[in-house]
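Take these sequences, add in the hints, and give me the full structure.
Per the numbering used here: the sequence shown = residues 1 to 127.
Hints listed in this document are in silico derivations from the structure and should not be mistaken for laboratory results.
Note that this is a predicted model, so its numbers are computed, not measured.
Errors might be hidden in some of the hints.
[To be verified] With beta-carbon atoms standing in for the labels, derived distance ranges:
no., residue 1, residue 2, range
1, 72, 48, 46 to 52 Å
2, 71, 112, 17 to 23 Å
3, 47, 101, 30 to 36 Å
Glycine included, each C-beta is placed from N, C-alpha and C at the ideal position.
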Amino acid sequence: MAVLFAAPAYAQPPETAVTPKARITVEGATKAPSPTSTPLVVSQTTVLETPSATVEQTTETIIPISDRPALNPETPIAPEVQAVVASKKHYTTADLANAQLAAVLATPASEPTTTITTTRTTPKSGG
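Pasting the structure below:
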């Protein structure tokens with residue numbers, strides 16, 4: 001599920017990069033470990049100081065990354081199928097079907113890129 005933040009352009013704080021000093025931990029969400037897919041998390045925080053408040057906006061982008069080799073666009077044949085074709089001069093339909101099944105099982109399910117934007121406004125003490 002993606003959560004998007006939309007606001008008029010005039011309400012956006014100017015970009016002042018602040019390097020986050022902590023890792024992001026999401027409690028209550030788990031993902032089954034997968035040997036072929038590891039997500040990359042990119043985080044950017046901007047801070048706007050106004051006379052009445054501090055506005056901190058954090059944008060986290062979660063990008064799925066797969067360790068599976070990319071297919072050649074000209075001949076998109078899975079490595080498992082290429083191995084069967086290369087290893088035997090004569091192969092059966094069952095050999096190809098088993099190699100294709102192995103390729104499908106080794107390919108992780110596609111995951112969307114997710115962007116989460118959190119805005120935290122802290123009022124300044126009026127005194």
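Hint-by-hint comparison with the structure:
1. Between residue 72 and residue 48 the C-beta distance comes to about 48 Å, which sits within the given range of 46 to 52 Å.
2. In this structure the supplied range 17 to 23 Å holds for residue 71 paired with residue 112, their Cβ-Cβ distance being about 20 Å.
3. Taken as a hint, the range 30 to 36 Å is violated for the pair residue 47 and residue 101, whose Cβ atoms sit roughly 52 Å apart.
Comparing the model with each numbered hint stated earlier shows that hint 3 is the single one that does not hold.
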